[in-house]
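Undergrad: As a plain string of letters, each chain reads:
There are 2 protein chains.
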Amino acid sequence: MSLTLATIRAAHTRIHPHIRRTPVLTSEALDAAWSGSLFFKCENLQHVGAFKARGATNAVFSLTAAEAARGVCTHSSGNHAAALARAAKLRGIPAVIVMPSNTPQIKVRNVERFGPRILFCEPTQQAREAACERIVAETGATLIHPFTDYRVMAGQGTAAIELLEDVAAPGLDLVLCPVGGGGLLCGTAVAVKSLTPTARVVACEPAGAADAAAAFRTGRIEPLAQVATIADGLRTTIGEENFALIRTHVDDIVTVSEASIVAAMRRLWETLRVVVEPSGAVPFAAIQEGKVDVRGKRVGLILSGGNVDLDTLPWLNK
Amino acid sequence: MSLTLATIRAAHTRIHPHIRRTPVLTSEALDAAWSGSLFFKCENLQHVGAFKARGATNAVFSLTAAEAARGVCTHSSGNHAAALARAAKLRGIPAVIVMPSNTPQIKVRNVERFGPRILFCEPTQQAREAACERIVAETGATLIHPFTDYRVMAGQGTAAIELLEDVAAPGLDLVLCPVGGGGLLCGTAVAVKSLTPTARVVACEPAGAADAAAAFRTGRIEPLAQVATIADGLRTTIGEENFALIRTHVDDIVTVSEASIVAAMRRLWETLRVVVEPSGAVPFAAIQEGKVDVRGKRVGLILSGGNVDLDTLPWLNK
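Protein chains in written order, with my numbering: chain R, 16 to 333; chain P, 16 to 333.
Same shape as in the complex, but just chain R:
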């Protein structure tokens, strides 16, 4: 199995009844400020507040009846967990979610409401994977990995399909997408390059978790000894499967500072009047920081999510 325009289109047909066709917002003020045309695909307004609803739903509804009956499991600290729990509930099958014990309460509640079994584990990658393996061995559940799974990548790519459909002719010159594990980026890049081969796809990453940018330069995945970024959705190391696709379909990866992420987030709340989480603000941060030149260009940005603790806004924590 792999990731192609055909698998993304099939995913779109499969998940269509269960996801939102999110709006594409524009801003006269931002367009004037940057002398470009910016199109924001609002996956922060997606079910569970993130594009993750797309990939998880595609994975769950791709299972055979026999596989589905045994349930699904995953390890995730947040949006993918909520998305998988919701998809399992929609299909009426069991879900087990393995979460690090230090997961913020708001993210735990966001998963709990869909009624999965939640297992807390030590906050290390090893502990998370071991707990998942035990569940799979005990129950026969299917592990739905948050980003290396091709069904998940295909689902994430459906946001770009909608973006390209909803932007009027002459389409886009450039698409900016955040990169963490690479699921959204792979789906986005394959969709964009298949439908609009002339458009550039540039991934945007926090400088404090820039493993994808490093891999893109050196040609091999190099997990970071430590990551430090407010963009909690982008702390993961990119997957092997994802990196192979990224090398083929992505034109560049740029990095942004923490201050720039916070400033971008605040500016988007103020001008677009939507709640964007730090990870979702990273592509716009790349524009604000001058890492990407958008003058005279038509630019799509994926606002990947909107799950934020409203009691601790980063521009007020000084």
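Keep in mind the hints are simulated off the structure, nothing from the lab. Wrong hints could be hidden among the right ones.
So these bits of chain P aren't anywhere near chain R, every CB distance computed over 10 Å [what the hints assert, rightly or not]:
#1 A44
#2 P109
#3 A152
#4 R215
#5 D266
#6 A274
#7 E304
#8 R310
Straight-line Cα separation of at most 20 Å, DMTMM-like style, residue types lysine to aspartate or glutamate; simulated pairs [what the hints assert, rightly or not]:
#9 P:K104 to R:D46
#10 P:K104 to R:D266
#11 R:K122 to P:E43
#12 P:K122 to R:E43
#13 R:K104 to P:D46
#14 R:K122 to P:E285
#15 R:K122 to R:D324
#16 P:K208 to P:E180
#17 R:K104 to P:E180
#18 R:K306 to R:E273
#19 P:K122 to R:E285
Values in this document were obtained by computation on a predicted structure and should not be read as measured data. Every residue, glycine too, gets a C-beta built ideally from N, C-alpha and C.
Starting from the structure of chain R, add chain P where the hints point.
TA: Structure of chain P alone, referenced to chain R:
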């Protein structure tokens, strides 16, 4: 001149190229919590961050060429001012905005960007009206009143037209709308009652500025000696023209507490992931406070605006 479905439809045709068709958002979590179906018409995502773009644009583009050449003026502390300045800029005519000297900086900047002439005056109704009268006398500008003007009311009603079009069959049982001066409420009520006569229209007002609710009970407008509400868009006394239409087309007016407005605002940011200003949260506050029963009903709510100072969020000011 008056306000009818025909004038609202004509307004929609007239302003269509200049306004956004804002999305209608839903939330599985809110629907489950209240056992109803809630449809949020997101005028917070409208140009200038408020429905006011609709009415002001209709008024400006309704002027004859001779009238337009002499320009427009208004007194407003915020969203109507920005909307009128934007509409005048779109038509290429002069605009003079009279603002109270205590207008928050964020609202002043929101107007300034459209380049009108801004006149500051004492923060009283009398000073604002006197300043406007001088401008009209000196320049021959047309005064565009923020809510008593029938062209403005017709423009505001176009949001309800879109809401009714975008909600699938069997349509809505109830529409909740904030009331300040009454421009949005009149446009909404006439549109809803004309297109869906079975739907109830209920206006929602802060208890701290409940002149419309009082007038609705006593049958005559009674300006309040003082108002106290965080919902700054709803502090105005309803207009005579508005009250006449409200008595005919509105089924009820309910009031909500200040705590309820803040809680509703926060809940909407968290679940819909959009930025809603206090005035825009008032209809949802009426549901949260139990002033309106939505069980088993299909309910439209107008989220009227999203202009908020992000440095002083009311749930953090304790």
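Undergrad: Taking each numbered hint in turn, which are not upheld by the structure, reported in ascending numerical order?
TA: Hint check: 1, 10 and 17 fail, others pass.
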